[in-house]
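Asks: Sequence:
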Amino acid sequence: MSDLYWEEAGEGPPVVLVHEAVGDSRMWDPQWETFPRSHRTVRFDQRGYGRSPLEPGTISHARDLLDLMDEVGLERPSLVGGSLGARVALEVAVAQPGRVEKLVLLNPGLSGHDWSQEVQAGWAEEEAALEHGDLDTAVEVNLRMWFDGPRRSADEVDPVLRARVGEMQRRALEVQVPVGDDVREEPLVPDLADRIGEVQAPTLVVIGEEDAPDIHAIAERLVREIPDVRRASMPGAHVASLEHPDEFDRIVLEFLS
Numbered sequence: 001m002s003d004l005y006w007e008e009a010g011e012g013p014p015v016v017l018v019h020e021a022v023g024d025s026r027m028w029d030p031q032w033e034t035f036p037r038s039h040r041t042v043r044f045d046q047r048g049y050g051r052s053p054l055e056p057g058t059i060s061h062a063r064d065l066l067d068l069m070d071e072v073g074l075e076r077p078s079l080v081g082g083s084l085g086a087r088v089a090l091e092v093a094v095a096q097p098g099r100v101e102k103l104v105l106l107n108p109g110l111s112g113h114d115w116s117q118e119v120q121a122g123w124a125e126e127e128a129a130l131e132h133g134d135l136d137t138a139v140e141v142n143l144r145m146w147f148d149g150p151r152r153s154a155d156e157v158d159p160v161l162r163a164r165v166g167e168m169q170r171r172a173l174e175v176q177v178p179v180g181d182d183v184r185e186e187p188l189v190p191d192l193a194d195r196i197g198e199v200q201a202p203t204l205v206v207i208g209e210e211d212a213p214d215i216h217a218i219a220e221r222l223v224r225e226i227p228d229v230r231r232a233s234m235p236g237a238h239v240a241s242l243e244h245p246d247e248f249d250r251i252v253l254e255f256l257s
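Here the sequence shown stands for residues 1 to 257, numbered as in the numbering used here.
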């Protein structure tokens, strides 16, 4: 049995929701009300997030996802991933194309991307805060980068949603910081950026209009290189599915159907 936290609801074509690095399975709370009306829906906390543990050693988020699919009995689900979760879903789609029915990539991350100085500076600021044991500052840095986005200030976004994302991010840091450098992720597809064109599943790339330029650049690259792909944009930044759930549901459920 997997030691990852997961839950399922609903009946119909299967879909797995794979969360972002600034969240956990709770980022899909709006979709948890809507997706199970038409789909057998699974959501889970990736290793080191939410209610899933993290131990020293080597981990693979994509391998965890495949193992979970086997445990739950999902032979060929659709995968809906955001940011980190989009990268993980993309890895699975490349490594085992026969296991993925459709692919939805929201504000996707991509290993091997040449990250901008702005993003690298944000990561450095987060790391400096963590070195001083200042989780509050580290959380705030991530909220500025990924929830507010580069063009919005904190007072321009929903404070309740911002606090919810901050709670999820803090929980992740509380789980991950004690392990520190004693854990290493081993990608299932180390050369993922060079193999985007191998994706066989029909794919929808969804980009939040307020997200960072790096994320827009990754999204546009995926649209260029994935053979069977559509593109959609919606308001909001990195966690657009939580900020604008009705629009997200309309776009994604129409594609999945």
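Quick caveat, the hints were computed from the structure, so don't treat them as lab data.
Computed from a predicted structure; not experimentally measured.
One or more of the hints may lead you astray.
Said to hold, decoys possible - Okay, the calculated beta carbon distance ranges per label pair:
1. S38 x V72: 17 to 27 Å
2. D155 x E7: 46 to 56 Å
3. P159 x G73: 38 to 48 Å
4. P159 x G12: 17 to 27 Å
5. G73 x E131: 39 to 49 Å
6. G12 x E131: 40 to 50 Å
7. W123 x G73: 21 to 31 Å
8. D155 x G12: 32 to 42 Å
9. D246 x A163: 18 to 28 Å
No residue lacks a Cβ here, since even glycine has one placed at the ideal position from N, Cα and C.
Asks: Give me the numbers of the hints this structure contradicts, sorted from smallest to largest.
Replies: 2, 4 and 7
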